[in-house]
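Engineer: Order-wise, the sequence lines are chains A and B.
Under this note's numbering, think of the first position of the first sequence as 1, with each following residue one higher.
Under this note's numbering, think of the first position of the second sequence as 1, with each following residue one higher.
The hints are simulated quantities; they were obtained by calculation from the structure and are not laboratory data.
Glycine is no exception: its CB is placed at the ideal position from the N, C-alpha and C atoms.
Worth double-checking, as some hints may not be accurate.
What the hints assert, rightly or not - Straight-line alpha carbon distances no greater than 27 Å define the calculated BS3-like cross-link-like pairs of lysine-lysine that follow:
hint, chain 1, residue 1, chain 2, residue 2
1, A, Lys204, A, Lys151
2, A, Lys403, B, Lys18
3, B, Lys276, A, Lys204
4, B, Lys276, A, Lys400
5, A, Lys403, A, Lys204
6, B, Lys298, A, Lys408
7, B, Lys276, A, Lys407
8, A, Lys357, A, Lys400
9, B, Lys298, A, Lys403
10, B, Lys329, A, Lys400
Unchecked claim - Here are a few chain A residues that sit away from chain B, every Cβ distance over 10 Å (derived from the structure):
hint, residue
11, Asn6
12, Ser77
13, Ala186
14, Gly189
15, Leu251
16, Ala252
17, Glu282
18, Asp293
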Amino acid sequence: MSAPNNRAVILGGNRIPFARSNKQYSKATNLDMLTSAIDGLVARFGLAGENIGEVAGGAVLKHSKDFNLTREAVLGSALAPTTPAFDLGQACATGLEAVVSLNNKINAGQIESGIASGVDSTSDAPIVINDSMREILLELTRAKTMMQKAKIASQIRPAYLAPQAPSTGEPRTGLSMGEHQAITTAAWGISRQAQDELAVASHKNLAAAWESGFFDDLTTPYLGVSRDTNMRADSTVESLAKLNPVFGRKLATEATMTAGNSTPLTDGASSVLLGSEDWAAEHGFTPLARLVDAEAAAVDFVDGDEGLLMAPAYAVPRLLARNGLTFDDFDVFEIHEAFASTVLSHLAAWESEEFCKDKVGLDAALGTIDRDKLNPLGSSLAAGHPFAATGGRIIASTAKHLKTTGKKRSLVSICAAGGQGLTAIVEAA
Amino acid sequence: MKDTYLSLVNGPLKQVAKTLGLPQPVELNRFGSTPASYENKPVLVLGTGPGAQGLADQLLENGLEVRRNAQTGEKLRAVIAVLDDAQSLADLSPVVLEIGAALRSLAACGRVITISTAPDAQIQTPEQAATAQGITGFTRSVAHEMRAGATANGILLDGVDLTAPSVNAALWFLLSGKSAYVSGQFLTVSSDAGQRLSLDEFMSTGAAGPLAGRTAVVTGAARGIGAAIAENLARDGAYVIGVDMPQAGQALAQVMNRIGGKSLQLDITAADAPDKITEALGAPVDILVHNAGITRDKMLANMDAAKWDSVIAVNIAAQTMINARLSEKGLFADGAQVVSLTSTSGIAGNRGQTNYATSKAGVIGLTAASAEDFAARGGAINAVAPGFIETDMTAKMPTLTRQVARRLSSLQQGGQPVDVAEAICFLASSGARGINGQTLRVCGQNMVGA
Numbered sequence: 001m002s003a004p005n006n007r008a009v010i011l012g013g014n015r016i017p018f019a020r021s022n023k024q025y026s027k028a029t030n031l032d033m034l035t036s037a038i039d040g041l042v043a044r045f046g047l048a049g050e051n052i053g054e055v056a057g058g059a060v061l062k063h064s065k066d067f068n069l070t071r072e073a074v075l076g077s078a079l080a081p082t083t084p085a086f087d088l089g090q091a092c093a094t095g096l097e098a099v100v101s102l103n104n105k106i107n108a109g110q111i112e113s114g115i116a117s118g119v120d121s122t123s124d125a126p127i128v129i130n131d132s133m134r135e136i137l138l139e140l141t142r143a144k145t146m147m148q149k150a151k152i153a154s155q156i157r158p159a160y161l162a163p164q165a166p167s168t169g170e171p172r173t174g175l176s177m178g179e180h181q182a183i184t185t186a187a188w189g190i191s192r193q194a195q196d197e198l199a200v201a202s203h204k205n206l207a208a209a210w211e212s213g214f215f216d217d218l219t220t221p222y223l224g225v226s227r228d229t230n231m232r233a234d235s236t237v238e239s240l241a242k243l244n245p246v247f248g249r250k251l252a253t254e255a256t257m258t259a260g261n262s263t264p265l266t267d268g269a270s271s272v273l274l275g276s277e278d279w280a281a282e283h284g285f286t287p288l289a290r291l292v293d294a295e296a297a298a299v300d301f302v303d304g305d306e307g308l309l310m311a312p313a314y315a316v317p318r319l320l321a322r323n324g325l326t327f328d329d330f331d332v333f334e335i336h337e338a339f340a341s342t343v344l345s346h347l348a349a350w351e352s353e354e355f356c357k358d359k360v361g362l363d364a365a366l367g368t369i370d371r372d373k374l375n376p377l378g379s380s381l382a383a384g385h386p387f388a389a390t391g392g393r394i395i396a397s398t399a400k401h402l403k404t405t406g407k408k409r410s411l412v413s414i415c416a417a418g419g420q421g422l423t424a425i426v427e428a429a
Numbered sequence: 001m002k003d004t005y006l007s008l009v010n011g012p013l014k015q016v017a018k019t020l021g022l023p024q025p026v027e028l029n030r031f032g033s034t035p036a037s038y039e040n041k042p043v044l045v046l047g048t049g050p051g052a053q054g055l056a057d058q059l060l061e062n063g064l065e066v067r068r069n070a071q072t073g074e075k076l077r078a079v080i081a082v083l084d085d086a087q088s089l090a091d092l093s094p095v096v097l098e099i100g101a102a103l104r105s106l107a108a109c110g111r112v113i114t115i116s117t118a119p120d121a122q123i124q125t126p127e128q129a130a131t132a133q134g135i136t137g138f139t140r141s142v143a144h145e146m147r148a149g150a151t152a153n154g155i156l157l158d159g160v161d162l163t164a165p166s167v168n169a170a171l172w173f174l175l176s177g178k179s180a181y182v183s184g185q186f187l188t189v190s191s192d193a194g195q196r197l198s199l200d201e202f203m204s205t206g207a208a209g210p211l212a213g214r215t216a217v218v219t220g221a222a223r224g225i226g227a228a229i230a231e232n233l234a235r236d237g238a239y240v241i242g243v244d245m246p247q248a249g250q251a252l253a254q255v256m257n258r259i260g261g262k263s264l265q266l267d268i269t270a271a272d273a274p275d276k277i278t279e280a281l282g283a284p285v286d287i288l289v290h291n292a293g294i295t296r297d298k299m300l301a302n303m304d305a306a307k308w309d310s311v312i313a314v315n316i317a318a319q320t321m322i323n324a325r326l327s328e329k330g331l332f333a334d335g336a337q338v339v340s341l342t343s344t345s346g347i348a349g350n351r352g353q354t355n356y357a358t359s360k361a362g363v364i365g366l367t368a369a370s371a372e373d374f375a376a377r378g379g380a381i382n383a384v385a386p387g388f389i390e391t392d393m394t395a396k397m398p399t400l401t402r403q404v405a406r407r408l409s410s411l412q413q414g415g416q417p418v419d420v421a422e423a424i425c426f427l428a429s430s431g432a433r434g435i436n437g438q439t440l441r442v443c444g445q446n447m448v449g450a
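So that you can see chain A by itself, here it is in the shape it has in the complex (with noise of 0.2 Å):
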């Protein structure tokens, strides 16, 4: 264990700016939206040269050449080349655990400093060839003879040459994640309104930050991108109500989720600089905020009867009570926008007495957001999500937000696929 006054601390962050996908960022792979993430984030710091305890970082749709993503980064990045990185995945929490990790080996007085970072790309994402083919060609290599060869290669069909494109459908429902969660909105009765309502809000939130400067160093632009492309300040409630619903249409409730409501495919990269609070010191660095503890959760959504991205309803609760903390001891809340509906199902679990007493094992209900403390910064409907980046994102604006504000604690929940959730508390330093 580290001494008690050398615990880790989030010093800052860069990310560049999200962009919708197959636009700005469709020719960039996830290695380098990674690279200039990081060199961005080093160029801030001044850490060229430097040797990073750890770089930790990882993409949820990649490549099988890139099995060594972050290293590869780190290699092309301007930190001395000596420094070591790891990957990780926990889906579209991959971000955040990668913080949480390098987080926790911090405290262990494992490492001194720590880059936690991720990165997707759905413009440069990796088309699989179907397993049909994939079978034919590996039986190809094992084939000795040309007449060997020539049979097997007869067996191609031309079906067999249909890559099979990566999606966001879970391997063992065969839905996509909007699917699912339509599912949960209609069970939580959630309305258009709500939904569409929190989506100017995320815009309003977001644009409102950008023009305040808040994130100039926050973000270091990339291909000529300055700001997150996704990002409408104009939109209103009436105009997202014009937009057809793309999710729930076959379920007998009224179908609500539309491509205003829930979050585009998005390419981006982000990190977040940890340290010890003495290698903090010793570099000159303020901390900004500490992330203070975590927890995960992970709902049955194959077999039993909870939605897909409901596991951040169950992980919250378990955090406060950790903690000793209630909503009341909160300034912010950071509540990945998965869908809009995703958040608004959370905050109504959350308020459900039902939910609360029964699936969570509580008293009484866990209670209300005041919704001025919600994603005061916009979140993933405005700014949109690459999966993996969208973690760092969270941290190192929450961490900013509650240094130049002076509140004290945030927070952050993110949904995942697998029917996943990580949630953490992160209060100012």
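Since the structure of chain A is provided, determine the placement of chain B on it from the hints.
Structural biologist: Okay, now just chain B, sitting in the frame of chain A:
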């Protein structure tokens, strides 16, 4: 941008250009590209007074080959004329003729340097003033006559003698490749402030460099001249914080990572810019280079408020505000040195640039008027006025205009961003603190605004 003509006349078209009497620019000797064969050539020190002998001794101590009389058949690196004791125009005649006789022995990229008393109508007799002023006309004219990359410049003594530390620094700057694109200019030394640097110290780099241990802030550091300044400051040993607009962040990060500096994305016209700069620095400012600048060219008849105001805001108002704020809050370190970018447009004016020329002339005024404040802290503030420099901006000029602009200087070529950066690093060095409130042109003695 590549100067194709320059390559051609130093290659296949050399003879043609000579025959036709076309301009014959040469590749200039710069820091790092000056051959040892050039540096080993002797320096001829002319002048009959004790000052000349003292200077010759100083040069010897700094390891230079020194001659007091020209020797036939020997190529010279430089001719230095010490005229500090000239009281009348009659005193000049023998020395200038000696300079003239030595010019044919001057090596390519050689130097003529005059050292004389600064003209001062307040304290000098009419004859003394005429002599002092006369020397400046002489030096400028010699600069016009220089060929093959050679330059002529002057050092003016304003109430100091030849032993002032900044006379040394000015001499090292003018003698070396660091002043490759400076010609027809004067460096006025007005105090004994500053540290005495040996030639070796002045020419060293990194931890031994003249800026070692100091922190430098450069605005507009993402590209062009600003990036060159940042790189040179780092080369000379300074720790650099590069500032640029958030939109330029990617390029800024690349420059800063290359030189091991720190990037700071901010709008320098914002009211909190000075605070953010000092916050990023974590210490008072040692060196501040106001390089950020924009152009919004328009004929005055078509000028709108947005074009006028934005140029004034970035090019001069931001500098004024940042200087005032740092000064008022005591955030300039003792000995702090500021160098501001102005422009030859600010000196001569330029068609379509009323806004730009106003801002750049404003910088010259601001610099002169701030000198006292900086001197009180043991530091200095100066400006550098680049002429035609090969940057992305000049690359966008129409081809013919660009070709003409390049040849319109005594060196018959455009300067490089590094040439401006060298002048700035020199003026930011501790040796140059006796030079204060001045504007130095880095323009190859451009005809514009001469």
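Engineer: Hint by hint, note whether the structure agrees.
Structural biologist: Quick rundown of the hints versus the structure:
{"no.": "1", "hint": "A:Lys204 with A:Lys151", "in the structure": "62 Å, violated"}
{"no.": "2", "hint": "A:Lys403 with B:Lys18", "in the structure": "68 Å, violated"}
{"no.": "3", "hint": "B:Lys276 with A:Lys204", "in the structure": "26 Å, holds"}
{"no.": "4", "hint": "B:Lys276 with A:Lys400", "in the structure": "14 Å, holds"}
{"no.": "5", "hint": "A:Lys403 with A:Lys204", "in the structure": "22 Å, holds"}
{"no.": "6", "hint": "B:Lys298 with A:Lys408", "in the structure": "51 Å, violated"}
{"no.": "7", "hint": "B:Lys276 with A:Lys407", "in the structure": "21 Å, holds"}
{"no.": "8", "hint": "A:Lys357 with A:Lys400", "in the structure": "35 Å, violated"}
{"no.": "9", "hint": "B:Lys298 with A:Lys403", "in the structure": "44 Å, violated"}
{"no.": "10", "hint": "B:Lys329 with A:Lys400", "in the structure": "25 Å, holds"}
{"no.": "11", "hint": "Asn6", "in the structure": "21 Å, holds"}
{"no.": "12", "hint": "Ser77", "in the structure": "8 Å, violated"}
{"no.": "13", "hint": "Ala186", "in the structure": "43 Å, holds"}
{"no.": "14", "hint": "Gly189", "in the structure": "43 Å, holds"}
{"no.": "15", "hint": "Leu251", "in the structure": "44 Å, holds"}
{"no.": "16", "hint": "Ala252", "in the structure": "49 Å, holds"}
{"no.": "17", "hint": "Glu282", "in the structure": "12 Å, holds"}
{"no.": "18", "hint": "Asp293", "in the structure": "30 Å, holds"}
Of the numbered hints stated above, those contradicted by the structure are hints 1, 2, 6, 8, 9, 12, listed in ascending order.
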